[in-house]
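A.B. asks: Start from the sequences and build out the full structure, keeping to the hints where you can.
If you read the sequences in order, they're chains A and B.
Just so it is clear: in the first sequence, position 60 is 60 by the working numbering, and no numbers are missing.
Just so it is clear: in the second sequence, position 89 is 89 by the working numbering, and no numbers are missing.
Hints in this document: simulated from the structure, not taken from any laboratory.
It is possible that some hints are incorrect.
Once the Cα atoms are required to be at most 25 Å apart in a straight line, the calculated SDA-like pairs of lysine to any residue come out as [to be verified]:
id: 1; chain 1: B; residue 1: LYS648; chain 2: A; residue 2: GLU62
id: 2; chain 1: A; residue 1: LYS24; chain 2: B; residue 2: ALA682
id: 3; chain 1: A; residue 1: LYS130; chain 2: B; residue 2: ARG108
id: 4; chain 1: A; residue 1: LYS24; chain 2: B; residue 2: MET650
Stretch by stretch, here's where chain B covers chain A in the computed footprint (C-beta under 8 Å, at least three residues) [to be verified]:
id: 5; stretch: 54–61
id: 6; stretch: 87–93
id: 7; stretch: 119–130
Note that CB positions come from ideal geometry on N, CA and C, so glycine has one too.
In case you want the letters, here they are:
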Amino acid sequence: MSAPHTGMHWQRDLQPLLDDYLRKIGLHSTQARMRWVAHVLAGLHLHVGEFAEDDIVEQAVEHLRDAIDARLALLVDLDRVHQRHELAAVLAVLQNEEYADLVNALFQDFENTGDPHLQKALRSAILADKPQPVPPDAPLSMPTQTIELRSLRHPFRASR
Amino acid sequence: MTPGDQVGWRQQLDGGVYLARRSAYFFLVALTSLGAMGLLSAAYGSGGFTALKLLLLVLYAILILWIAASFWSATLGFWVLLTRFDLFARRRRIAAADETRVLPVDGRTAVLMPIYSEDPDRVFAGIRAIARSLEKTGQAGHFDFFVLSDTRDVATWIREECEWYRLCSELDAHGRIFYRNRRDNSARKSGNVADFVQRWGGNYRYMIVLDADSIMAGDTLVKMVRLMEANADTALIQAPPLPVNKETLFARILQFAGTAYGPLFTAGASFWQLGDANFWGHNAIIRVAPFAAHCGLPHLPGREPFGGEILSHDFVEAALLRRAGWRCWLAYELNGSYEELPPTLIDFAKRDRRWCQGNLQHARLIAAKGWHPVSRLHFAMGVMSYLSSPLWMLFLLVTGVEGYIQSQDIPDYFFANHLGPVWPDSFTVEMKVVLIFTLAMLFLPKLLALLLIALNKAQRQAFGGVFRAGASAVLESVFSILVAPVLMLFQTKFVWAIVLRRTIGWPGQQRADHSTSFRDALSMHGVQTLLGIAAGVMSFLYLPDYFWWFVPVLSGALLGIPLSMLSSSVYLGRRARDWGLFVTPQERKRPEVLLDFDTALAAAANNTLAVDEALREPYVQALHVALLPPDTVLSRRQQHYRQGLMYKVMEEGLQALSTAEQRELFSRPESLRELHDWAWTASVR
Numbered sequence: 001m002s003a004p005h006t007g008m009h010w011q012r013d014l015q016p017l018l019d020d021y022l023r024k025i026g027l028h029s030t031q032a033r034m035r036w037v038a039h040v041l042a043g044l045h046l047h048v049g050e051f052a053e054d055d056i057v058e059q060a061v062e063h064l065r066d067a068i069d070a071r072l073a074l075l076v077d078l079d080r081v082h083q084r085h086e087l088a089a090v091l092a093v094l095q096n097e098e099y100a101d102l103v104n105a106l107f108q109d110f111e112n113t114g115d116p117h118l119q120k121a122l123r124s125a126i127l128a129d130k131p132q133p134v135p136p137d138a139p140l141s142m143p144t145q146t147i148e149l150r151s152l153r154h155p156f157r158a159s160r
Numbered sequence: 001m002t003p004g005d006q007v008g009w010r011q012q013l014d015g016g017v018y019l020a021r022r023s024a025y026f027f028l029v030a031l032t033s034l035g036a037m038g039l040l041s042a043a044y045g046s047g048g049f050t051a052l053k054l055l056l057l058v059l060y061a062i063l064i065l066w067i068a069a070s071f072w073s074a075t076l077g078f079w080v081l082l083t084r085f086d087l088f089a090r091r092r093r094i095a096a097a098d099e100t101r102v103l104p105v106d107g108r109t110a111v112l113m114p115i116y117s118e119d120p121d122r123v124f125a126g127i128r129a130i131a132r133s134l135e136k137t138g139q140a141g142h143f144d145f146f147v148l149s150d151t152r153d154v155a156t157w158i159r160e161e162c163e164w165y166r167l168c169s170e171l172d173a174h175g176r177i178f179y180r181n182r183r184d185n186s187a188r189k190s191g192n193v194a195d196f197v198q199r200w201g202g203n204y205r206y207m208i209v210l211d212a213d214s215i216m217a218g219d220t221l222v223k224m225v226r227l228m229e230a231n232a233d234t235a236l237i238q239a240p241p242l243p244v245n246k247e248t249l250f251a252r253i254l255q256f257a258g259t260a261y262g263p264l265f266t267a268g269a270s271f272w273q274l275g276d277a278n279f280w281g282h283n284a285i286i287r288v289a290p291f292a293a294h295c296g297l298p299h300l301p302g303r304e305p306f307g308g309e310i311l312s313h314d315f316v317e318a319a320l321l322r323r324a325g326w327r328c329w330l331a332y333e334l335n336g337s338y339e340e341l342p343p344t345l346i347d348f349a350k351r352d353r354r355w356c357q358g359n360l361q362h363a364r365l366i367a368a369k370g371w372h373p374v375s376r377l378h379f380a381m382g383v384m385s386y387l388s389s390p391l392w393m394l395f396l397l398v399t400g401v402e403g404y405i406q407s408q409d410i411p412d413y414f415f416a417n418h419l420g421p422v423w424p425d426s427f428t429v430e431m432k433v434v435l436i437f438t439l440a441m442l443f444l445p446k447l448l449a450l451l452l453i454a455l456n457k458a459q460r461q462a463f464g465g466v467f468r469a470g471a472s473a474v475l476e477s478v479f480s481i482l483v484a485p486v487l488m489l490f491q492t493k494f495v496w497a498i499v500l501r502r503t504i505g506w507p508g509q510q511r512a513d514h515s516t517s518f519r520d521a522l523s524m525h526g527v528q529t530l531l532g533i534a535a536g537v538m539s540f541l542y543l544p545d546y547f548w549w550f551v552p553v554l555s556g557a558l559l560g561i562p563l564s565m566l567s568s569s570v571y572l573g574r575r576a577r578d579w580g581l582f583v584t585p586q587e588r589k590r591p592e593v594l595l596d597f598d599t600a601l602a603a604a605a606n607n608t609l610a611v612d613e614a615l616r617e618p619y620v621q622a623l624h625v626a627l628l629p630p631d632t633v634l635s636r637r638q639q640h641y642r643q644g645l646m647y648k649v650m651e652e653g654l655q656a657l658s659t660a661e662q663r664e665l666f667s668r669p670e671s672l673r674e675l676h677d678w679a680w681t682a683s684v685r
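C.D. replies: Listed below in structure tokens is the structure:
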């Protein structure tokens, strides 16, 4: 992709990519997606001199990902930098088809954070479907057994 | 009578039954073997014993002992199933059916499915069917499921995670079905299960160990827990699995054999093994605390294949539990336990290669200190199940050589002071009796199994009637006669390779139905065919009298390629089913848990997401990060290594990395985020 810093072509070129990303998140509304893309591109524009031309696509995706994380972090009171693991779990919950409407409601507007209904719906989704890969540890020791082998060469050789 | 008196009385009775059953079994095996040996000695004794004849006698003694042990197990199993007179099975039936026995609240049960590079669709369809079946018992709250993955390939790893999460959401089972992918898959399956015990074993009183192709009915799982609760001295109960689900002709023939004849062998084994039974590695319930205390497996001294990690861990774990005084039972009467078989002869042989190495390793354990005598016998029988092939081959070769030597002798009818001719003694009758005797011991169990089916109306119907079951048994026998030499040659080669200390690593298994191509068949059976031709020509030229005796063995070796290809056909398997051949009760009337499995497998996403595609999916990436353990601080050296891998990906793509390198990046959330962004960049370049 050609993305000269000086012109605005790179913004035009990035639009479909970011739009595609938001589609994959499940955001159906074209207007909402356009708002998100504009928001990300505006943010990116502020930092345009700080990265190389080759990195522009990566930077754009990173900005969008950060914006989505920031939106979720605000809604569920998580620290976007230090609780990325938990944030990933929250995002993973939203892949359920039953939360398709919730996803659209959540990302309809990236600024409004104060909707208590939205927060409640998200919290109940997390409670119901947060991935719990393993239970809390309850260790048992498993000592290695001794098997005393008998052989012609080493009659009392033991295995440990 | 006090409870103490009752226990003492019962123990005495049990002790008496143990002694009587084992005495009967070993007496019958010894008597049969000695009888056959006597006949053969009489036949060989004419003209004095030569070194070759003595060698033949020794080989026959070992082989007939092996056959007699198997024959009497099946015959006693037939008697047990016919009369239903088994004190221990009766006690188990009562305990298992006792619905007043509440499952323990303080001791939950973990259902473990260790997997290694399996098809995720198949794995989770199985878990789904088992979990649903358990739900129907109303006892699901007492069980947790663990999918214990040792998968290395990142694409399969990610698919497993997606399927796991989907299953948890669909069954509303978050916090009841767990998944973990082991970072370091040391010690293979036994290490995988040990890792579970060491991390979460304290949460559970029992664990039910499955295989990737296991399916068990919920009702059976509940019964197994009840049985353990009723038998405080028992650490392991094995539920014999019936083979199901495959459609190739090869697998369907084996499914029929396993379902029709298998129960005789398991009932017979249980008859004499009693509380000293073996562990088959899956479809068994294990008491977790004694397993943790006594089953930490050591490494055997020396290098592989005889030293190092214990490969066939199941036998050793059962022996260790017995050594510690715990009972292990084979509950042959438990239904609702299933497994799948390799779909083709070649896959069967590949599985044999792994089992062969594991079982031969046990040869070093037979004489180790402290085992229960029956545990030693299990080890010896495991070794013999593979060693018998080279022994049979040697027996056939020596028979040929001896036959050739005899054919060179010119009989002398006039010698010493005899006035008339002295005709040489003919021992043809004895030889024929030995042959018929041996064949009878090999085939009689099949007839007994058919008889059992014929005598039971429900069984008759389940197998499609006596005529169809009989025709299936005849065809199965012909097939097994043809396949036996092929397996003998394979197993002889495996044993030889292991003796030469060649190991095979840990290859994944191809479980799905598929056809064998000519190229594969040629590469696997080509040498066997050449050997068959050479042996045929030599026996025809030098042993014309014996040639026809060798024909069944030679035919198998010669027909290896077409046999392997034709038997791998799904079309022929289905046609056979349409004709009512090799039909099992599980096919005729599908158990509910198998129906659920079919539905789940049919509805499976069949998702073949490539790694690059998976990386672009925001939700897939988020789920993977969420399942990773928290990032640890990397040393400067590790950081450079990781960064080096990232550069390599960016320059040459993910394919440029080895599986281990891909895993390294996919195990770090930070790397994953970078990869995710890169995947999007790559998509527009």
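A.B. asks: Does each hint hold? Answer for all of them.
C.D. replies: Consistency of the hints with the structure:
1. B:LYS648 to A:GLU62: Given pair LYS648 of chain B, GLU62 of chain A holds - Cα atoms ~20 Å apart, limit 25 Å.
2. A:LYS24 to B:ALA682: Status holds; Cα separation ~17 Å.
3. A:LYS130 to B:ARG108: 23 Å, holds
4. A:LYS24 to B:MET650: Roughly 23 Å between the alpha carbons, so the hint for LYS24 of chain A and MET650 of chain B holds.
5. 54–61: With 3 residues in contact (Cβ-Cβ under 8 Å with chain B), the coverage given for the stretch 54–61 of chain A holds.
6. 87–93: holds (count 4)
7. 119–130: Our answer is that it holds, as 3 residues pass the Cβ test (under 8 Å) against chain B, meeting three.
When the structure is compared with the earlier hints, no violation turns up for any of them.
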